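**Student:** Based on the hints, put chain B in the right spot on chain A.
Those sequence lines, one after another, are chains A and B. Our numbering numbers the first residue of the first sequence as 68 and each following residue consecutively. Our numbering numbers the first residue of the second sequence as 526 and each following residue consecutively.
Read the hints as simulated data drawn from the structure, not as lab findings. Quick caveat: nothing in here was measured; it's all calculated off a predicted structure. All residues carry an ideal CB built from backbone N, CA and C; glycine is no exception. Treat each hint with caution, since some may be false.
[What the hints assert, rightly or not] Distance windows between CB atoms, simulated:
1) A:D248 - B:V994: 41 to 47 Å
2) B:H931 - A:E96: 53 to 59 Å
3) A:K200 - B:E632: 38 to 44 Å
4) A:R277 - B:Y935: 56 to 62 Å
5) B:R805 - A:G300: 57 to 63 Å
6) A:M189 - B:P725: 39 to 45 Å
7) B:H947 - A:E96: 56 to 62 Å
8) A:D248 - B:M990: 51 to 57 Å
9) A:D135 - B:E632: 56 to 62 Å
10) A:G300 - B:Q918: 54 to 60 Å
11) A:G216 - B:V994: 52 to 58 Å
12) B:H931 - A:V85: 35 to 41 Å
13) B:M990 - A:D250: 39 to 45 Å
Listed below are the residues making up each chain.
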Amino acid sequence: MDRAMLSIRNLHAAVDGVEILHGIDLAVEAGEVHAVMGPNGSGKSTLAQVLAGHPTYTVTAGEVRYDDQDLLAMPPEARARAGVFLAFQYPVEIPGVANATFLKAAVNEVRSHRGLEELDAMEFLELLREKAKIVEMDPSFMSRPVNEGFSGGEKKRNEILQMALLEPRLAILDETDSGLDIDALRTVAGGINRLRRPDNAMVLVTHYQRLLNYVTPDHVHVLAGGRIVKSGGKELALALEAKGYEWLDAPGEVATR
Amino acid sequence: MSTSAKTIEEVTNRAYPYGFVTPIESESTPPGLSEDIIRLISAKKNEPAFMLDWRLRAYRHWTAMERAAGEPRWANLTYPSIDYDKIVYYSAPKRPVAASLDEVDPEILKTFEKLGIPLEEQKRLSGVAVDAVFDSVSVGTTFKEKLAELGIVFCSFSEAVQQHPALVERYLGTVVPPTDNFFAALNSAVFSDGSFCYIPKGVRCPLELSTYFRINSAGSGQFERTLIIADEGSYVSYLEGCTAPMRDENQLHAAVVELIAFEGAHIKYSTVQNWYAGDREGRGGIFNFVTKRGKCAGARSRISWTQVETGSAITWKYPSVLLAGDDSVGEFYSVALTTNRQQADTGTKMIHMGRRTRSTIISKGISAGHGNNTYRGLVKVLPRAEQARNYTQCDSMLLGSECGAHTFPYIEVANKSAVVEHEASTRKISEEQLFYCKQRGLSGENAVSMIVNGFCKEVFKNLPMEFAVEATRLLGVSLEGSVG
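Chain B extracted, bound-state conformation:
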């Protein structure tokens, strides 16, 4: 084995520091799914009738899809079929939902503390408000009052259903309809919590809003739903982080995120996904099947997705933008790292509907170990989208010789004034690069980490400051052990 191969192998044999389990009592539904379970979830959450109807319609659609074809199989992913009868669809800490953070189970507070997400407001980095989701429920949201002064609603989804049912009823499912795809239908039927955010007209949200998702219970799935509405001329930056305990069995995470930007609004959505990825042999790890989509509903609106995907055994995820408003802008910046036996099939869809709409796609895929990394992206220009413009850059880096990088770009253009560009590259860390760094005194591990970070720079620079630091560190940890 060459030195670079040795180096890379060491960097990719990583330890997962978030793999612990919190010993709390939780309340769960029995495994499996039926209309009764859905009625139970809805009743537990004391939902209005429209929500239950919505869930049941989604459930019926999903069962029809299940019977007809089952899960979608077009992705470049290999995994055993998921047994939907064995999944626990609702699991919540037993203590009743706390009215304030002081009442949250101390074990849970400790968990978030350990994850570096202290929920006590005085300990928070100023400038970030957090909604913490533990298994199926939100356990606390910080800085709510401060935000409310500006008319900003930032709360758990369950709370939004109670406090702002009109907003929920009006916008839920308008970007990702329950019938959109298999996993979106499942999520719509059973989702238990998530975050909700509304930014009023002309308000620039002064804090980074953040949701931190934590899976704790064994055997349970996590199905959260996030809905962000940015009214005319508003701005919000939203961050999402995720971790889960280390377990030998796979756990399903099927989330839906919907974003709506009205005229002149800008939503920036950043994710650092670090679900447990399974061990070196590919045992365990999260199956991450997520539907994320934003709609630039108004003219000159803008939606930017930035994602750093380092966790999960399977990642199936295509944060997309519907560019409906004229002069609207969609952006997708992605770093996906697959190591050991991880597989990712991720990318985006940019649907140009309005005139002079513009989109940018920058995708960086890094494969190490036996990891398999696929970029899949659609750029579609509809007939009305005069002078639409897209730029796509899709780069892959291979660390080692057992991993894979794949690219599936789809381009459909129905307006001849459109300009669509696609650039792609594949590279390796060369022996010469490694030797050069080592000759300057860097360890192999630091050299690989530095070279990989350089490769990802165009994406990282779009992350909010604290997140960029976190992402750089995470990449280092994830690559730890691949180098010698």
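Just chain A, same shape as in the assembly:
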């Protein structure tokens, strides 16, 4: 367990004084894909945001080790530079900043942290062109402002493109499948599969099983009421799809004390 890339122990987190996560335990090894599923309001997105260091959430108890570092002590940009990537459920618009400018700044921050030389404009464009193919993104997106006027599907593809560029060790994908039509879902899932490597890990946060038709997880966890109530293999996701979340004996009131 100590050898895991990510190990979460008894994690409690609150927002505005209301506790949402009531003790999460989870270990993720390099090369693994974990799916975290659960009904709305179960705490899935909170878990994703807490791991990335969103300032709205307060960790009230527990610990998170990432590559043997105390993840919770690191500011969000340090986590990112150390290889933790969050694909946002709602990617944020930055008016006036060209997507390429933003991506270049991000790539160079991460590169210089890893002791690599920064890319100049030409080298970066080369890399961008190559990576854009993974998510079948039109080059015209690069000169458009970050996420501004992008459709839902374009925003999600842009997230996966960023993941491809930044080559994270640990990628957390927060409802990347939501709001996608079937073609976009296939493209995004294809991109995710191409980025799976033995030395990285992914946590897919999702409400539905349908993304998992394309990306096969090694482990599936069901989150309900701020706790993991069930863990299993990929067949667990299929069972959830067939029976819904109700068949699980969700802890509800009793568990939150």
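**Tutor:** Below, chain B without anything else, positioned relative to chain A:
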């Protein structure tokens, strides 16, 4: 305090790298203003009689205004009254004005070198000619001969009075009359130097012309005057930069800029204003009261103002365009940043007189710290201005919760065929934007700088290339320390 507030606070606690003083001997008039001082300034500059008369008329008008009401108080600015008796109205480096750049005091050359404005021509970026104004006088103009081959006159104002008195007499004060306002009257009485530029018919000026203003002496005001005349079908791009030492007391800068564009001419005037802004508590800094106005005198002429205002404790400035010629075009693109205790009341006036005249106003105000930023703009369509067209976009960004953004648009339309549009927005850098950038590895400081630069993009793209780079960098420096 939220992280975004912390971040922004750090970004706005900036260092001012231009705050040094150059140790040179200078020659100054005693503080205070009288007809004798004006006669002295005029005599020092060996001016023809028309100039002295002009100054004295301006001075009399100003004293009448001073007695009647004093400084204008309508602006959204709070500052102690200026004591005009304590200001030194003329201060010049003691060495006589150099005939060539080789004779300029090396200390002064060093100063401009330090500011990134080397005056030795071989060191200049090709494509920019510079007139350097140090306190009250111009210390050197580069590339004069090269420009003269095209018939372009680019020199200090004092030199223009000597060499081209007819042009000066004909156009001085025709766009900003000495009676225009309190500060214009004061400037007209005491202005000591500045830049003069004449582009002959049909000439496209091949270099960016640039004036760099530097205040050095303590206790002195700076009153320069710039006059640019673009004859029929000509084009010129003009750049202006300003810095001053850090001092605890406020210093007055009251400049006048007049532009005249004849038929088919285009003048592009860009400013990066970075006068010393005072410290975090608001001690010291330049009081910047400037009158800038252009006249599109001929048909199809065009005047474009682009300004990036990051310095000064107080900024009071409304670069305007009189659209007299039919089909003439006026443009105003502005970024004003106020941080710490800075206050800016800035905007423009677009006066549509000719038919089918068009104007565009894009204003971006950024407030941080305890800064207070006001946009004030007038769009006026006169009865004769058939089918006049204006588009105004006025955006404010607030960084933090102690700062202010205000908008005072004035629209007066006297022709029913006019189309006038006004759009305005106010926004903050959201916690989500900051977090998104940080999640991609950007430091808070870089994130704020990037978001603010994105906000200003529509203005920056109108700046000449080197200036756009400078403006982006300056904004970064000015915001330094507001982020965490």
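**Student:** Could you tell me which of the numbered hints above are not met by this structure, giving the numbers in increasing order?
**Tutor:** 3, 8 and 11
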